Amino acid sequence: MNGGPASTLFRKYFAWIFIGVMLPLLCLTGIEALFAIRDRKAAIDALLRSEAASASGQVQAFLSSLRESLSSTVQQPWSEVSQDQHKLDGIGFLRRTEAAGSILLADSGGREQVFLSRVDLNRFGSGTDLNRDPAVAASRKQSFWFGDMEYSAQSEPKMKLAVAGERKGAGFAIAEIDLKAIREVISAIRIGTTGHAMIVNTSGQLIAHPDMIRVLSGNSYLSEMRAFARPFSEPDRVISTIDIDGTPVLATMAEPVPDANWRIFALQSRAEAMAPVRAMLVRSAAVNLAAAGMAVLLAYFLSRRITHPIRRLEEGATQIGTGQFGFRIAASGNDEIGRLGLAFNEMAGKLGDLQSRSDRLAGLKRFLPAQVAELLENTGTESALSTQRAEIVVVFCDLRGFTGFTARSEPELIMEVLGDYYQALGSVITRYEATLTNFAADGLMVLVNAPIPCPDPAGHALRMSVEMQAAVQGLLGGWNNRGCELGFGIGVAMGWATVGRIGYEGRLDYTAIGGVVNLASRLCGAADDRQILFDRSVAHAVRDTLAVAPAGARKLKGFDRPVPVFTVSTPAPPPPGQPTTLNPGP
Amino acid sequence: MADLGYSKDSGVRLICKSANRDPEGLERAVKALLAEHVDVIVATSQSAAEAVERQSRSVPLIARRNFTFVSSLSQPGVSSSGIFDCAYQLTAKRMELLRDALPGLRRVAILFRPGGTVRENIVASERAARRLSLEFVPVPISAPSEIGPAFDRMVAAGVEAVFILPDLMIEDRIAAIAGLASERKLPTMAWESRLVRQGILMAYSCNADRAEERLASYVDKFLTGTPVGRLPIGQTTDFTFAVNQRIAASLGVVFPPAVLLFADELVE
Chain D
194 MNGGPASTLF RKYFAWIFIG VMLPLLCLTG IEALFAIRDR KAAIDALLRS
244 EAASASGQVQ AFLSSLRESL SSTVQQPWSE VSQDQHKLDG IGFLRRTEAA
294 GSILLADSGG REQVFLSRVD LNRFGSGTDL NRDPAVAASR KQSFWFGDME
344 YSAQSEPKMK LAVAGERKGA GFAIAEIDLK AIREVISAIR IGTTGHAMIV
394 NTSGQLIAHP DMIRVLSGNS YLSEMRAFAR PFSEPDRVIS TIDIDGTPVL
444 ATMAEPVPDA NWRIFALQSR AEAMAPVRAM LVRSAAVNLA AAGMAVLLAY
494 FLSRRITHPI RRLEEGATQI GTGQFGFRIA ASGNDEIGRL GLAFNEMAGK
544 LGDLQSRSDR LAGLKRFLPA QVAELLENTG TESALSTQRA EIVVVFCDLR
594 GFTGFTARSE PELIMEVLGD YYQALGSVIT RYEATLTNFA ADGLMVLVNA
644 PIPCPDPAGH ALRMSVEMQA AVQGLLGGWN NRGCELGFGI GVAMGWATVG
694 RIGYEGRLDY TAIGGVVNLA SRLCGAADDR QILFDRSVAH AVRDTLAVAP
744 AGARKLKGFD RPVPVFTVST PAPPPPGQPT TLNPGP
Chain W
-15 MADLGYSKDS GVRLICKSAN RDPEGLERAV KALLAEHVDV IVATSQSAAE
35 AVERQSRSVP LIARRNFTFV SSLSQPGVSS SGIFDCAYQL TAKRMELLRD
85 ALPGLRRVAI LFRPGGTVRE NIVASERAAR RLSLEFVPVP ISAPSEIGPA
135 FDRMVAAGVE AVFILPDLMI EDRIAAIAGL ASERKLPTMA WESRLVRQGI
185 LMAYSCNADR AEERLASYVD KFLTGTPVGR LPIGQTTDFT FAVNQRIAAS
235 LGVVFPPAVL LFADELVE
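Protein chains in written order, with our numbering: chain D, 194 to 779; chain W, -15 to 252.
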């Protein structure tokens, strides 16, 4: 899951980028929605108020025209007009006023004189005393009177309207008005598709409503209507409430109609009123959803873009920690991340180089003294190790009686002896910067003048041999006291040989091949304890610096004729730590 | 129905059946409607409503008719609703208008076809005549062939006007009746303003068009889920007084100004 959705950094970046994209968008949407709701509410409020005012105006106009029409029947003093004319006045009123079901005219004394009806039989001159009738009593006081709404046979709402003639001696006119005309006014008011107006009187009676069936339902909704009307304490305030059929509505009440105890409402279902806002919200939600989708993609790719290289770096660091320097990052782009990748790759390459150099150095150190190996490594003159013919001095040494010693001794003692032996020889060899090519059990082969040439190789080799002999002899006393019965001999030969590395990758040794190696080995085999035998070439080379004593000619295995051998007559060890300086090259 | 937003695609099928002014045809029309398993039947007259009720008491019925049998108009609770057309009250009113139009009228013939609910109408007519101090002569006719002899009887009885009660057969022959009445110089009063155009002198009734419009809104309410029994019964508030002035002239009738003033429809 490198750099994938599960990594912590990825999640962090993903979350922040996502939030960064969505938060402003959501805020914007929220603010926009708030404003849209506010604006819509303001628009609806204005619409409801204007519709309510319009309904109120129409109702008032209707009522005042009714009043005017009714007043015209009682303009003259009663007695100045003939009965027939009163009758014609009444019929004229019915003719003019379609909403009127009947008209009753009473003389100035409040006695019924004319009654005209569209349904019932007419009455003339009945003289019934109407002074106790509220219509007459009230209109006498205030000249105009609205009766309460009454349901004729519990269904059709009717209302009585009374006027008293203004002139002295004028009579009274009482009309029964069918409220259908007002209902038509109210029904014509449409606010949107569901919005409408309605009139309720203070008793809760529904005077006008577009749903005629509801109006005809008599007093069935009284308490509901009163409950509906209760919160409307002042005109023109828009209230969010519930219509009596359970629909949530926005409603307002118009200014009251003078004289009538009617309350005119304009209402619209909240669902319809807020439909544009809802549509806007749905649109915004869709846009936000799409934006969220895009934000997810954006956040995913950006987070991946950032975390993937980091994960690769982490992985690379782990790989390099386990020594795999071949690891590389696919670094691209010119930004910080790209440059970081390039820098990482460069670092990995350099580490790899360092490691391989260190590996090579370790290989060189196996057969070269550490300082020589490092010198070779640092100066890069590895070509010195390449295969070539060189005049070299080969030094062989081993312990006398070692085979017998190993046969009769405990392994612990053998290993202890060998440990001391190599410790002693190793320090000398290292000091003389000679090349230890190989060792097997007690036998060692050391080269001088290869791969690094040195001046006076023969003398250098002999002086080293003398010191080696001295070092081992220092140990032999102790060993032989423990019954080891060991001795130490050295053979040295100088001559041309093929030198170079042999072996395979990971296990390369430096060695020399040639007759000189064989000769040195044989001389070693021929040497007694404490003896250093060397050939003529060595003797010739050191004759001016060391005391060389011929040791006769020896028959050596692999040599047809006896080989003249020499030995050091007087051991002349140089001061320790002053071997011939070693000059690299030429 | 179209005004209420219904169209051919609203999924409402309207089936119209006419009785062709024949009582038998009425029964057949109702039977045909019931055979179609209609959801609701609209009856635009008292006789049609009665015909439906004779055949089915369960099918919802929306009618313009007499609803004196329900206890509460606002909550009828029966399987029919509609518009209460105040027919019997209007019968009395018609009688009054006949008298007002013909000052000095004393004797009136009441022309009707016996059977059905006409009885209540006869009773209402007779009661109105008595209240209006008119003498009345009931003239039943059972078949079209009896119309001629009936007029002979009326003339013999010395009637001065003919008061015609609603009936399909009579409506079917209304032109003939109007013709005979004109011949005999008898002013006529009928039950539906449209009859005035066929030669009847006067008619007073509720406004049929408006009543039928209102029936349509009942159907709408029914179709939107309100059971018929829960629909409050409305009452007619629109009335039409129609007068045929051509016939009046031919009869030599001069209407008093109050009557002319009251007329909604003057047929020349």
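Some hints here could point you the wrong way.
Computed, partial: chain D to chain W, Cβ under 10 Å [said to hold, decoys possible]:
| hint | residue |
| --- | --- |
| 1 | Gly285 |
| 2 | Glu291 |
| 3 | Leu314 |
Away from chain W, derived, C-beta distances all over 12 Å, residues of chain D [claimed, not checked]:
| hint | residue |
| --- | --- |
| 4 | Glu261 |
| 5 | Gly283 |
| 6 | Met405 |
| 7 | Ala472 |
Rather than coming from a laboratory, the hints here were simulated on the basis of the structure. From a predicted model like this one, the values you see are computed outputs, not experimental measurements. Ideal Cβ positions, reconstructed from N, Cα and C, are used throughout, including at glycine.
Outcome of the hint check:
| no. | hint | result |
| --- | --- | --- |
| 1 | Gly285 | holds, 6 Å |
| 2 | Glu291 | holds, 7 Å |
| 3 | Leu314 | holds, 5 Å |
| 4 | Glu261 | holds, 19 Å |
| 5 | Gly283 | violated, 9 Å |
| 6 | Met405 | violated, 6 Å |
| 7 | Ala472 | holds, 23 Å |
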